[in-house]
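Participant: Sequence:
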Amino acid sequence: MKATPPFSNSTGAGIESESILRTEAEMTANGYIVASCKSWHRSGFEALKSQEDGLWSWGASPKELLRCVKEIPTPRYIFFLHWNWHVPKDIWAQHECVCFHMTDVPYGRGGSPLQNLIVAGHKSTKLSALRMVDEMDAGPVYAKREMALDGRAEDIYMRAGALSFEIIRWMVRNEPVAVAQQGEPVMFRRRKPEQSVLPMDGSLQAVYDHIRMLDAPTYPPGFIEHGGLRLEFSNAQLQGDEIVARVVIRKKPIDQETES
11 MKATPPFSNS TGAGIESESI LRTEAEMTAN GYIVASCKSW HRSGFEALKS QEDGLWSWGA
71 SPKELLRCVK EIPTPRYIFF LHWNWHVPKD IWAQHECVCF HMTDVPYGRG GSPLQNLIVA
131 GHKSTKLSAL RMVDEMDAGP VYAKREMALD GRAEDIYMRA GALSFEIIRW MVRNEPVAVA
191 QQGEPVMFRR RKPEQSVLPM DGSLQAVYDH IRMLDAPTYP PGFIEHGGLR LEFSNAQLQG
251 DEIVARVVIR KKPIDQETES
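Positions 11 to 270 (the numbering used here) are the ones given, in order, by the sequence shown.
Just so you know, not all the hints are guaranteed correct.
In the DSSO-like style, the derived pairs of lysine-lysine whose C-alpha atoms are separated by at most 30 Å in a straight line are [what the hints assert, rightly or not]:
hint: 1; residue 1: K154; residue 2: K133
hint: 2; residue 1: K99; residue 2: K133
hint: 3; residue 1: K154; residue 2: K48
hint: 4; residue 1: K48; residue 2: K136
hint: 5; residue 1: K80; residue 2: K99
hint: 6; residue 1: K202; residue 2: K73
hint: 7; residue 1: K136; residue 2: K99
If you're looking for bench data, these hints aren't it; they were derived computationally from the structure.
Start from the sequences and build out the full structure, keeping to the hints where you can.
Facilitator: Given below as structure tokens:
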């Protein structure tokens, strides 16, 4: 009488179980995590998840990122579109983490790239997809894509998000090798909320650029102060020799009144 192979029976249940395990392992190996703290990226993720193969997971906070890594313990890539927190070394050192930066690195490493680019007079930039390393924005580059800097900050961030998802699709399908950055780094400093005050001198173009580069949800808007009031500007349009904008007038924050 022939011995029955381990984990099998006449009904084929063992083979079925093995197939299920193999499928789960394959899905985990082809798993991808997308992390962003900005809600405007969620719709792009949902489209990506429905159109691309593999197991996809979304994280919008450090706690959710840890959950994603538990769900997909061996992801092919972890993509960081916009992230306000430090990524633990045990994540970026163990997994291939990809971050997106809105400059032609090594130019413009550091904080507030959009605002610093516009202040410097740039009309366009490159969106760079980088391998995450210990030093900020210093990792090797997978891809760069041209990107315009016209419009409100929210429009530009939406444009960058759409371009990021294009790069993600390309990376998933092609698995490119990242190439080390070339050239001398130019560093950007992260802007502070008090830098949102409108410039006291300068051209209409400079004032218009100042308002639009801060015009996005969760960002401190361009403002001026008058007595105990603050006037906040958004939706600016440069029309010939004047700027037309929406203005919200509110009381100056108490902490600033105390400081002054």
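Participant: None of the hints should be skipped; say for each whether it holds.
Facilitator: These are the hints, each one checked on the structure:
no.: 1; hint: K154 x K133; in the structure: holds (17 Å)
no.: 2; hint: K99 x K133; in the structure: violated (35 Å)
no.: 3; hint: K154 x K48; in the structure: holds (22 Å)
no.: 4; hint: K48 x K136; in the structure: holds (20 Å)
no.: 5; hint: K80 x K99; in the structure: holds (16 Å)
no.: 6; hint: K202 x K73; in the structure: holds (26 Å)
no.: 7; hint: K136 x K99; in the structure: holds (27 Å)
The earlier numbered hint that this structure contradicts is number 2, and it is the only one.
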